[in-house]
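Chain A is already provided as a structure; the job is to place chains B and C on it using the hints.
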Amino acid sequence: MDNIYKSIIEALIFSSDEPIPAQEIIRAIKEIDGEDVAITPKNIEDTVDQLNEEFANDEKSFSIIRVANGFAFATKQEYAKYVGFLSSVKSHRRLSHAALETLSIIAYKQPITKPEIEAIRGVNSDYMLTTLLEKRLITIKGRAETVGRPLLYVTTDEFLKYFGLYKITDLPKPREVEEIMQDADFLEQKRQIMMNQMDEVIENEIENNESSSDENDQDQ
Amino acid sequence: MDNIYKSIIEALIFSSDEPIPAQEIIRAIKEIDGEDVAITPKNIEDTVDQLNEEFANDEKSFSIIRVANGFAFATKQEYAKYVGFLSSVKSHRRLSHAALETLSIIAYKQPITKPEIEAIRGVNSDYMLTTLLEKRLITIKGRAETVGRPLLYVTTDEFLKYFGLYKITDLPKPREVEEIMQDADFLEQKRQIMMNQMDEVIENEIENNESSSDENDQDQ
Amino acid sequence: MYKIQLDTFEGPLDLLLFFIKRDELDIYDIPISYITKEFMTYFRLMEKLDLETAGDFILMASTLMQIKARMLLPKEVDDKGDEIDPRMDLVNALLEYKRYKEMSEELSIFESQQRRIKYRGNFVADEKRNPDELSTLLKNISVYDLVKAFKKAIEDKPEEPIHQVRKFNVTIEEQISHILDKTDFGREVSFLELIDGMFEKIRIVVTFVALLELIKMGRIGLRESTEFNDFVLYGLADG
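Protein chains in written order, with numbering that gives the first Met the number 0: chain A, 0 to 219; chain B, 0 to 219; chain C, 0 to 238.
Simulated from the structure, these hints should not be mistaken for laboratory data. Please note that a few of the clues may not be correct.
[As the list claims (entries may be wrong)] Some chain C residues judged to face chain A by a derived CB distance under 10 Å, without partners named: (1) L94; (2) Y96; (3) Y143; (4) N168.
Beta carbons are placed, not taken as given, at the ideal position from N, Cα and C, and that holds for glycine.
For reference, chain A alone in the conformation it holds in the complex:
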């Protein structure tokens, strides 16, 4: 199928305004060219890899990433400071520690109830749940069969997109308790070590720009 569909696949991914799953690409092609077109998800995967190789060779500023169960075009990290200058990404604040903590519990334990979340965190989590629901990073899916039938919370596609994950199973697993115990330094601040300086420079720039530029709150 190679070259005939390469450009079409590229065009479909390029013009989709949300990550497009392989199945949807196939559906679009079959819709136009007929059901008998022989094209598989594997073909799509290979084509995307091939396209990305070309973008790399051509030193393009963007490539196709796998995110939220689909494919999407996105700029490369090297251009962060320039695109950060004009992007609306900058108007989103980073999530708080409390929000990240709550999210990681929901992500690994989903579907999960509020009492279960609170039992792990040791604090009331109403405010956190409201905030995460508002940001569409989590949602409600049914009720638990336990006493009181509390509501169940799960993560969304928006969650995957926010953290740049392709599938929920791509989340790194929480370490086992035994492993945690073997640490010489029990509570090392991994995040601070791993966040490189570049990040902070960009964050600063983004914040400076935020305060100086007129806020545009389009969410689309």
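Using the frame of chain A, we list chains B and C on its own:
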């Protein structure tokens, strides 16, 4: 300036939320790399032409077009039929909103008649009812005993399945809704008010504690 | 003692983990008296009492004191005759919490990386058809959206706008008179007795505020308890 800024210009056009004017591109670059960067609108124009030439040579499915006083990426005409298959997130949301509103009213108020639904929504709901019926999310269950004996609408098993509910009473209760919906601002305000009230009290408390306790409080 | 910002801790578990690290304690052999004392000191010195979590700190304080009490009693044994360490539940909770705290740090790294990229920005030039209602109508829609839509539909209902004001079902005034009742004629009551049977955190918190208010007014006094409970309040003559 050529190659140094080519990719940056490309990245800026690619990621801008609106068609981006040459002046804006220049502003972004100078903001990051300094005011003394020698770059003119003519340079931008030339770079865009050069990029487009490359896209043509590489048989890319997209190019940069001049639109609304700015630059924007667009997929090429020959892919229009495939791209046209995709639905835009924006119009999809608008439609969803009306459907969702109608569906939620039926879910919570069922069995309910069309006039009752329209009294709440304030708009004619024929189209939405037809669509939801077609989608099998709602169905007709008898007639009301009121004048004219209008049809009664209820949700279906498919509805329950779609939303991950076991039975209709599993829908979040109004009380729970209030809990979930308290908007973040309100909660934050509430916290602030209460905290201000307490600050003074607590400060006295701390002072008393400090003077009366035998703890040594070296600050470090 | 280090001066620390209490509001940088996500909650009591986080604070306990901090002590364990700072003092290089063995998590499987936590010196419970010591850590309770530390905890209570910080709790009292909270620079800002965050109302959402004050109740949780109180709860942890009482848990710690309960463990402390059980440590002094003859050892309990389980079905197999093995000794039950009263600290076991707390240790498990701490370890479980730590797992997710670590994960949140990983997520934070993903977040930083993701903030450095930007998706294609505008699609004005790409003509797309109107969505096919039947296939995309409720894409990515969940029961949360349903509830939200219902709430909005009801609120926007033109004829009879409903203005809902959320009220606490408990006021500081009410709790002040409640405390005064309990401490009338110089009677004594421990804080934990006072809040016994209060299930809503907000009620405990408001009671605590009322308590502070009364101390300020000189209507009640506080003293250390001989028991393991933290403090006892007693009534003072009207001043």
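Inset, instruction - List, from low to high, the hint numbers that the structure doesn't satisfy. - result: Of the numbered hints, just 4 does not hold.
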